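*Asks:* Top to bottom, those sequences are chains A and B. Residue 86 in my numbering is what sits at position 86 of the first sequence, and the numbering runs on without skipping anything. Residue 201 in my numbering is what sits at position 27 of the second sequence, and the numbering runs on without skipping anything.
Please keep in mind that the hints were generated in silico from the structure rather than gathered at the bench. Heads up, some of the hints might be wrong.
If you want a taste of the chain B side facing chain A, the calculated C-beta under 10 Å gives, among others [said to hold, decoys possible]:
1. TRP187
2. VAL188
3. GLY193
4. VAL199
5. LEU205
These numbers come from a predicted model, not from an experiment. Note that the Cβ used here is the ideal one computed from N, Cα and C, for glycine as well.
Here are the chains, one letter per residue:
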Amino acid sequence: MTMTPGLRKVALTAHVVSSVGWLGAVAVFLALTIAGLTGRDAQMVRADYLVMESIGWFVIVPLCLASVLTGLISSLGTTLGLFRQYWILSKILMTIPATIVLFVHMKPIGLATKVAAERTLSSTDLGLQIQLVAAAGAALLVLLVATTLSVYKPQGRTPYGWRKQQEQRTASQP
Amino acid sequence: MGDRRPIPATPRWVKALGGAALVGVLLFVVLHLTGHSPGGH
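Start from the sequences, fold in the hints, and give me the full structure.
*Replies:* Below is the structure:
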């Protein structure tokens, strides 16, 4: 099913807004995890971790889901498809696992917020703090690569996309 | 007879990205197998 040009622009706008928002929210989250790990003021460190769960559930998760959903709609609603171009396939293969990993990591994020609500973080929480920095850093890297692919749209059809193109050419020949 | 052209080779950037992704997945698996899993504290 191909969308009308107007609808396509709406879907693309929603996809760009949610994707860039997701990237920005993860960048903020990474800044908080680094501030929490390196901060010297115990109250400031607790404040960093206290907001993480809310940012995760109310900003990052909704933007992530919106980005994936609008991306699927934009691809399926145009001739690009999901599996015809390598750059689109690459984005899917990065963002869907990233979404799953995000949900998995909401547990330690919730744990860090819970700890910060109860007491000052100590050296026993160092592993958790480092894990959050690493997870946020990896997420940011994945999203930067996905954004770069979206902007450059590097050439290359998948074997499936190539076959589809050949079929269309054959069908259009008299 | 239509001209059946061969399927073009996989672009180099796809291979590079795939290799980097594989390293990332392996790192993730190793970290989690060594006890650095979410909530495993």
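*Asks:* Of the hints stated earlier, which fail here?
*Replies:* The structure conflicts with hint 3 only, although it agrees with all the remaining ones.
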